[in-house]
Amino acid sequence: MTDRLVVNVTAAELADRTSRLLAGGYRLALAAAHEDPDALRLVYLYVAGSPDRRTELHVRLDPNEPVIPSLAGLSFPAGRFEREMRDLYGVVPAGHPLPHRLVRHHHWPRGWYPMRADAGPPPAFGDPEGPYPFLTVEGPGVFEIPVGPVHAGLIEPGHFRFSVVGETILKLKARLWFVHRGVEKLFAGRDPAEGLPLAERVSGDTSVGHALAYCLAVEEATGCVVGEEAQRGRAVLLELERLYNHVTDIGALCNDVAHGILNSQSGRVREQLLRLNEEVTGHRLLRGGVVPGGAVLRALPAPGRLMALAADVAELAALALGHGTVADRFSGTAVLPAEAAQDLGALGYVARASGIAVDARSDHPFTDLGPFAVTTRPGGDVLARFQVRAQEVATSVELITYLLAGLSPAKAPNPLHTTTPGHCRSPGSGGGHRSGPGSGVGIVEGWRGTITHRVELAADGTLRRVKIVDPSFFNWPALPVALSGAIVPDFPLANKSFNLSYAGNDL
Amino acid sequence: MTGLVGAVAQVVVVAVGSPLLVGLMRKIRARLEGRVGAGVLQTWRDLRKLCRKEAISPHGTGWVFRMAPLVLAGTALVVASVVPLVTTQSPMDGVADLFAVAALLALGSVALALGGLDTGTAFGGMGASREVTLLALVEPTILLSVFALSVRVGSTNLGEIVTAAVHDPMAVISPVSLLAAVALGVVTIAETGRIPVDNPSTHLELTMIHEAMVLEYAGPDLALIEWASGMRLFVLLGLLAGLFAPWGIATAGAGPVAVVLALVVLVFKVAVLGAGLAAGEVFMAKLRLFRIPELLAGSFMLALLAVAASYFLA
Chain A
2 MTDRLVVNVT AAELADRTSR LLAGGYRLAL AAAHEDPDAL RLVYLYVAGS PDRRTELHVR
62 LDPNEPVIPS LAGLSFPAGR FEREMRDLYG VVPAGHPLPH RLVRHHHWPR GWYPMRADAG
122 PPPAFGDPEG PYPFLTVEGP GVFEIPVGPV HAGLIEPGHF RFSVVGETIL KLKARLWFVH
182 RGVEKLFAGR DPAEGLPLAE RVSGDTSVGH ALAYCLAVEE ATGCVVGEEA QRGRAVLLEL
242 ERLYNHVTDI GALCNDVAHG ILNSQSGRVR EQLLRLNEEV TGHRLLRGGV VPGGAVLRAL
302 PAPGRLMALA ADVAELAALA LGHGTVADRF SGTAVLPAEA AQDLGALGYV ARASGIAVDA
362 RSDHPFTDLG PFAVTTRPGG DVLARFQVRA QEVATSVELI TYLLAGLSPA KAPNPLHTTT
422 PGHCRSPGSG GGHRSGPGSG VGIVEGWRGT ITHRVELAAD GTLRRVKIVD PSFFNWPALP
482 VALSGAIVPD FPLANKSFNL SYAGNDL
Chain B
117 MTGLVGAVAQ VVVVAVGSPL LVGLMRKIRA RLEGRVGAGV LQTWRDLRKL CRKEAISPHG
177 TGWVFRMAPL VLAGTALVVA SVVPLVTTQS PMDGVADLFA VAALLALGSV ALALGGLDTG
237 TAFGGMGASR EVTLLALVEP TILLSVFALS VRVGSTNLGE IVTAAVHDPM AVISPVSLLA
297 AVALGVVTIA ETGRIPVDNP STHLELTMIH EAMVLEYAGP DLALIEWASG MRLFVLLGLL
357 AGLFAPWGIA TAGAGPVAVV LALVVLVFKV AVLGAGLAAG EVFMAKLRLF RIPELLAGSF
417 MLALLAVAAS YFLA
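Each protein sequence line maps, in turn, to chains A and B. For what it's worth, this note's numbering labels the leading residue of the first sequence as 2, then goes sequentially. For what it's worth, this note's numbering labels the leading residue of the second sequence as 117, then goes sequentially.
Bound conformation, chain A alone (with noise of 0.2 Å):
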């Protein structure tokens, strides 16, 4: 387990603690208010990798007037965080540029803040603070397309704003924060096993990811240990999750340029993909499968079938590779640039795509992986995220393959329980490495990216406050940034081939 070192600073010192850890190479992985009872605290995480290095920054502040100067101007994502600080906690960010309303839409009444314990059941709507700001952009033959919340296919809710002069996009704003339903809060209280079934249902096909983010931070929390094996076996479960998501969405970029034949064959492979998780777990999309102290494998895959389909994918992506038209609709469209992907912290295929080795399982890694190597691509487009997708799916197989030689083949077919529940359940008391008392932090290399989880325990060991926090939270920035100059019809094909979590970024 990492140690995690947690510096209690004041409020006036954190933009020079923040500047020195950013220097240093860290990034901001969390940022989360805290209720305690006699101040708000902020909590920031930074992290860094190779080797795995985490520091916490709290401050504490008056909790009748929450003041803290802002971050904005030192990081993208820490304004993002204030602003979403600022909405469900009333923190108010000193100095923000951009002080608008982030997760509560504008029809809340001010004042109103819904993570608080005493903000009691939701007010009636209103509207105080007027209309949603879209910047307007004006000229001769520009126009908007607003497109959504609700769409034609069974997709997320996501409203888009797009200012165009005839194909061309001049600005877009993705409106976002329309499924909130109050996740963290549902945590509190609760025992840490019973948050689990919370837990892999932040975004539906993160399961996997989401649950042993969170199932790691809990084990820290409470000084558990676990096995070996059983992080062997959740490191399998996660990447079939990254299998079955990565052939889903090479299917789906196909299908977007209408190149169905390579999505019905892409179809087939994810099922074939579904079926196995069925067995390994007995759910298809893997839940059940981590367990706070372990994992609960069913059956073990088998690697020869597993390669099968990977040689499948890998025929698959250069069939659309060696499509004139495929490739030519692929190639240069909505480049993220990799200035840009740093700056705004992007994660996971979307910052890899733009040239970032950023990855949680070389830089945050809770098991050996043996050789592996990140998959970044140079191009920024939707070509290069394609390619680190299908090299993923590659690379997963792999790893796959290297993690199962280290599960004994004796103890295979048996549930790969290591520990017994209850002795993870109990707060731990001792165990003298911990840092903060009975506060955990999980970092996972979940499919979209990595995923943050930060877990504070009350002393009788429920759950006080969970924190989480989505790849799709960093990057739905950078889709913006992507599309401009791009022309509208291709913004379904570019949307596509970031994939973000519309759930798994509102909480």
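Bear in mind the hints are in silico, worked out from the structure with no lab data behind them. Where hints are given, some of them may not hold.
[What the hints assert, rightly or not] Going by beta-carbon spacing under 10 Å, a handful of chain B positions derived as facing chain A:
(1) L120
(2) V121
(3) G150
(4) A154
(5) L157
(6) Q158
(7) A219
(8) T237
(9) T318
(10) I325
(11) F360
(12) W363
(13) V398
(14) M400
(15) A401
(16) L403
Note that beta-carbon positions come from the ideal geometry of N, C-alpha and C, so glycine has one too.
With the hints as your guide, set chain B onto chain A.
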């Protein structure tokens, strides 16, 4: 008399057969993609379902919106009755002029584009703008390519062009025909909204051309549009077959048996062309919107070459 019977028969075949053609093409595509696919009759079932629904028109729309499906279907039916598909002896032969047919097809498209604009939604306007851009490239190509064929005959009457071809089948095999056939084939794909120009089965509003214009239509109106779009596809494929493979079409003095035979041959030819189109689509992807004018400009050039060649080779 056989002319009248033939004309009625071809309208009936187009009206009844076009949903079946669409169903057949979907079925073929599904099978080639490894799916089972819905039955050939599914398009008719969909139309029946839509017709049973309540007619709805969005707030703020007027007569343009309501008339558009009727104009589209009406022009498609008129074109179906005058184009020499089964017989060259249609009683409306005088209307079967190349320019009239191209103008009727354009009228239907324009009516639908106006219907899309009348909704005042972003998608209606976007679809209409794209459709009219394509139309501006498609219509001249249709005109030119058929015009290239008319030079040999000395008339722009489609019946006479086809009659001449039936009487002298070897004349069809010429560079002029080849160029015109390719040009007309490409614009048929564009005009009917098939891959690689448009994707009839997409749900992505922002990529749509034809579908974006009709997004606000529902119930019987939508059924009428779907049906009319199918008829336009059938008629254009039938015209393509009639101009470049005119065998079997009943000409002057043909008896009832010839008309029946011509019907069977028409159904066969259109089914083969439709199947070929569906099979070809499986191997294609949709072009980037800004590449479509390049494709259509290319087909226009072919049509222009066909016209030029028809004078040099005449």
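Each hint tested on the structure:
Interface hint status for L120/B: violated, as the beta-carbon distance to the closest one in chain A is roughly 43 Å, over 10 Å. Using the Cβ-Cβ criterion of 10 Å, the hint placing V121/B at the interface with chain A is not satisfied: the shortest such distance is roughly 41 Å. A cut of 10 Å between beta carbons decides the hint on G150/B: the least distance to chain A is about 5 Å, and the hint holds. Interface restraint check for A154/B: the shortest CB-CB distance to chain A comes to about 15 Å, outside 10 Å, so the restraint is violated.
About 22 Å separates the beta-carbon of L157/B from the nearest beta-carbon of chain A, more than 10 Å, and the hint is not met. Here the hint on Q158/B is broken, as its CB sits about 17 Å from the closest CB of chain A, past 10 Å. At a threshold of 10 Å, the smallest CB-CB gap from A219/B to chain A is about 28 Å, leaving the interface hint violated. With its C-beta approaching chain A no nearer than about 9 Å, T237/B sits inside the 10 Å limit, and its interface hint holds.
Interface restraint check for T318/B: the shortest CB-CB distance to chain A comes to about 7 Å, inside 10 Å, so the restraint holds. Given the 10 Å rule on beta carbons, the hint for I325/B holds: about 9 Å separates it from the nearest Cβ of chain A. Using the Cβ-Cβ criterion of 10 Å, the hint placing F360/B at the interface with chain A is not satisfied: the shortest such distance is roughly 26 Å. With its C-beta approaching chain A no nearer than about 33 Å, W363/B sits outside the 10 Å limit, and its interface hint is violated.
Annotation: V398/B was flagged as interfacial toward chain A, and the flag holds, the nearest CB pair being 5 Å apart, inside 10 Å. Checking M400/B against chain A by beta carbon gives a least distance of about 7 Å; that is within 10 Å, so the hint holds. Taking 10 Å as the C-beta contact cut-off toward chain A, the hint placing A401/B at the interface holds, the least distance being around 4 Å. Annotation: interface hint on L403/B holds; nearest CB of chain A at approximately 6 Å, less than 10 Å.
In terms of the numbered hints stated before, the structure departs from hints 1, 2, 4, 5, 6, 7, 11 and 12, listed from lowest to highest.
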